[in-house]
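Undergrad: Sequence:
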Amino acid sequence: MINFENNLYFLIFIISGYYMTGTETYDIKWSMPQCVLTLRLIGLAFDLFDGKKSEEELSQEQKKTALSKTPSLLEVAAYTYFPASFLVGPQFPMKRYLDFVSGTFKDEVDIISLLI
43 MINFENNLYF LIFIISGYYM TGTETYDIKW SMPQCVLTLR LIGLAFDLFD
93 GKKSEEELSQ EQKKTALSKT PSLLEVAAYT YFPASFLVGP QFPMKRYLDF
143 VSGTFKDEVD IISLLI
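Residue numbering for the sequence shown is 43 to 158, as defined by our numbering.
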């Protein structure tokens with residue numbers, strides 16, 4: 043229930059911010075990083091929710107991103123404000139971030155072979 047309440051808070055915050063600062067033209071203001079933050083934390087809530095389910099209930103994608111243990115506050119802050127994607131994205135699951143910072147992340151594409 044706490045995840046739902048947090049997500050609802052962030053959604054209300056971003057929508058009210060859009061309403062109060064909206065103009066007739068497209069603007070990049072405070073709302074872009076806030077939108078990225080909102081989407082990132084909603085994704086984190088879903089990954090934590092999926093981590094509480096049994097293995098049989100999860101799809102292949104959910105098995106890749108589900109978090110079986112709750113990350114620390116420091117891990118959440120580091121994930122939320124990761125400099126490479128804080129202002130404009132892209133969105134990625136926390137499990138991918140944790141694998142990246144621990145050095146265990148392996149992408150399907152070999153970057154070195156693309157450069158040669």
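Just so you know, these hints were derived from the structure itself, not from any lab. Any given hint could be a false lead.
Label pairs and their calculated CB-CB ranges [to be verified]:
| id | residue 1 | residue 2 | range |
| --- | --- | --- | --- |
| 1 | K148 | E66 | 41 to 49 Å |
| 2 | L115 | L50 | 17 to 25 Å |
| 3 | E117 | M74 | 30 to 38 Å |
| 4 | S96 | M62 | 16 to 24 Å |
| 5 | T67 | E47 | 15 to 23 Å |
| 6 | M74 | R138 | 20 to 28 Å |
| 7 | V143 | G64 | 35 to 43 Å |
| 8 | R138 | K95 | 13 to 21 Å |
| 9 | M74 | S110 | 40 to 48 Å |
| 10 | E98 | P125 | 14 to 22 Å |
| 11 | T67 | L116 | 34 to 42 Å |
| 12 | K111 | T63 | 14 to 22 Å |
| 13 | Y51 | E117 | 19 to 27 Å |
Derived pair list, reagent style DMTMM-like, types lysine to aspartate or glutamate, alpha-carbon separation capped at 20 Å [claimed, not checked]:
| id | residue 1 | residue 2 |
| --- | --- | --- |
| 14 | K106 | D92 |
| 15 | K105 | E47 |
| 16 | K94 | E66 |
Glycine included, C-beta positions come from ideal geometry on N, C-alpha and C.
Undergrad: Each hint: holds or not?
TA: Results of checking the hints against the structure:
{"no.": "1", "hint": "K148 to E66: 41 to 49 Å", "in the structure": "holds (47 Å)"}
{"no.": "2", "hint": "L115 to L50: 17 to 25 Å", "in the structure": "holds (21 Å)"}
{"no.": "3", "hint": "E117 to M74: 30 to 38 Å", "in the structure": "violated (24 Å)"}
{"no.": "4", "hint": "S96 to M62: 16 to 24 Å", "in the structure": "violated (44 Å)"}
{"no.": "5", "hint": "T67 to E47: 15 to 23 Å", "in the structure": "violated (34 Å)"}
{"no.": "6", "hint": "M74 to R138: 20 to 28 Å", "in the structure": "holds (22 Å)"}
{"no.": "7", "hint": "V143 to G64: 35 to 43 Å", "in the structure": "holds (37 Å)"}
{"no.": "8", "hint": "R138 to K95: 13 to 21 Å", "in the structure": "holds (19 Å)"}
{"no.": "9", "hint": "M74 to S110: 40 to 48 Å", "in the structure": "violated (32 Å)"}
{"no.": "10", "hint": "E98 to P125: 14 to 22 Å", "in the structure": "violated (38 Å)"}
{"no.": "11", "hint": "T67 to L116: 34 to 42 Å", "in the structure": "holds (39 Å)"}
{"no.": "12", "hint": "K111 to T63: 14 to 22 Å", "in the structure": "violated (38 Å)"}
{"no.": "13", "hint": "Y51 to E117: 19 to 27 Å", "in the structure": "holds (21 Å)"}
{"no.": "14", "hint": "K106 to D92", "in the structure": "holds (10 Å)"}
{"no.": "15", "hint": "K105 to E47", "in the structure": "violated (25 Å)"}
{"no.": "16", "hint": "K94 to E66", "in the structure": "violated (44 Å)"}
Hints 3, 4, 5, 9, 10, 12, 15 and 16 from the list above are not met by this structure, while the remaining hints are.
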